[in-house]
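Novice: In order, the protein sequences belong to chains A and B.
Sequential numbering from 38 applies to the first sequence in the working numbering.
Sequential numbering from 26 applies to the second sequence in the working numbering.
Some hints could be false.
Said to hold, decoys possible - To give an idea of the interface, some chain B residues facing chain A are shown, with a C-beta separation under 7 Å as derived from the structure:
1. Phe53
2. Phe64
3. Pro65
4. Ser68
5. Leu130
6. Gly135
7. Leu138
Unchecked claim - Subject to a maximum C-alpha distance of 25 Å in a straight line, what follows is the list of computed DMTMM-like cross-link-like pairs (lysine to aspartate or glutamate):
8. B/Lys89 to B/Asp52
9. A/Lys137 to B/Glu134
10. B/Lys89 to B/Glu47
11. B/Lys66 to A/Asp123
12. A/Lys137 to A/Glu52
13. B/Lys66 to B/Glu112
14. A/Lys40 to B/Asp52
15. A/Lys137 to B/Glu129
16. A/Lys107 to B/Glu129
17. A/Lys107 to B/Glu84
18. A/Lys40 to B/Glu47
19. A/Lys137 to B/Asp52
20. B/Lys45 to A/Glu81
21. A/Lys137 to B/Glu77
22. B/Lys66 to A/Asp92
23. B/Lys66 to A/Asp63
Treat the hints as calculated values from the structure; they're not laboratory data.
Note that CB positions come from ideal geometry on N, CA and C, so glycine has one too.
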Amino acid sequence: AQKITQTQPGMFVQEKEAVTLDCTYDTSDPSYGLFWYKQPSSGEMIFLIYQGSYDQQNATEGRYSLNFQKARKSANLVISASQLGDSAMYFCAMSLNTDKLIFGTGTRLQVFP
Amino acid sequence: GAVVSQHPSWVICKSGTSVKIECRSLDFQATTMFWYRQFPKQSLMLMATSNEGSKATYEQGVEKDKFLINHASLTLSTLTVTSAHPEDSSFYICSAAQTGSDGELFFGEGSRLTVL
């Protein structure tokens, strides 16, 4: 069965430091996509970064990078130089052959000064 | 970037009434839209896949007669919560897949439903 696991209910990080949010996934399908979304308190879902299962290199988008380790089935999100505005819920998600997304339970990130 | 709009952003209704939530893709066509439900501090749970011109596909455990989905056009999908009860109070979010795209999804802002 397809599943996304985020084991960290919450994380704290000091401003300007880097933080890693963990995500592991489970699927037997060779073709899949991995996503990270940010959800601030307003509730909207903000797309951060995408990694395809056949992508050779780890995805990067500005301060966000995805540490993709296919053999370990992990897709951790690394946020560098944390900012106060990064405080939010972060969801890892996976898509298979369709556009349907399977979400993890989320990690609440708190950035303090 | 592509924009998906949800309306209303929040709604309060009495128990037993029905509430309709709209999800519109403003600047692209979306053959497929998805409806999610999110309880406080919990993940998004996919409720159903809405396909333009055909019946929605519901996830296991979601009552199709309770949550009516209509995808009448390539830019509009509606979710109607029928005979709402307090346990239906939740945050409902839609997402849309641009027709012909490589699978990128765009999310609406969400609609918070409170049933009294």
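Novice: Each hint needs a verdict: does it hold in this structure or not?
Specialist: To see whether the hints hold, each was checked on the structure:
{"no.": "1", "hint": "Phe53", "result": "14 Å, violated"}
{"no.": "2", "hint": "Phe64", "result": "11 Å, violated"}
{"no.": "3", "hint": "Pro65", "result": "11 Å, violated"}
{"no.": "4", "hint": "Ser68", "result": "5 Å, holds"}
{"no.": "5", "hint": "Leu130", "result": "6 Å, holds"}
{"no.": "6", "hint": "Gly135", "result": "4 Å, holds"}
{"no.": "7", "hint": "Leu138", "result": "12 Å, violated"}
{"no.": "8", "hint": "B/Lys89 to B/Asp52", "result": "29 Å, violated"}
{"no.": "9", "hint": "A/Lys137 to B/Glu134", "result": "18 Å, holds"}
{"no.": "10", "hint": "B/Lys89 to B/Glu47", "result": "17 Å, holds"}
{"no.": "11", "hint": "B/Lys66 to A/Asp123", "result": "17 Å, holds"}
{"no.": "12", "hint": "A/Lys137 to A/Glu52", "result": "35 Å, violated"}
{"no.": "13", "hint": "B/Lys66 to B/Glu112", "result": "16 Å, holds"}
{"no.": "14", "hint": "A/Lys40 to B/Asp52", "result": "32 Å, violated"}
{"no.": "15", "hint": "A/Lys137 to B/Glu129", "result": "10 Å, holds"}
{"no.": "16", "hint": "A/Lys107 to B/Glu129", "result": "21 Å, holds"}
{"no.": "17", "hint": "A/Lys107 to B/Glu84", "result": "28 Å, violated"}
{"no.": "18", "hint": "A/Lys40 to B/Glu47", "result": "29 Å, violated"}
{"no.": "19", "hint": "A/Lys137 to B/Asp52", "result": "21 Å, holds"}
{"no.": "20", "hint": "B/Lys45 to A/Glu81", "result": "19 Å, holds"}
{"no.": "21", "hint": "A/Lys137 to B/Glu77", "result": "15 Å, holds"}
{"no.": "22", "hint": "B/Lys66 to A/Asp92", "result": "32 Å, violated"}
{"no.": "23", "hint": "B/Lys66 to A/Asp63", "result": "23 Å, holds"}
In this structure, the hints that do not hold are numbers 1, 2, 3, 7, 8, 12, 14, 17, 18 and 22, in rising order.
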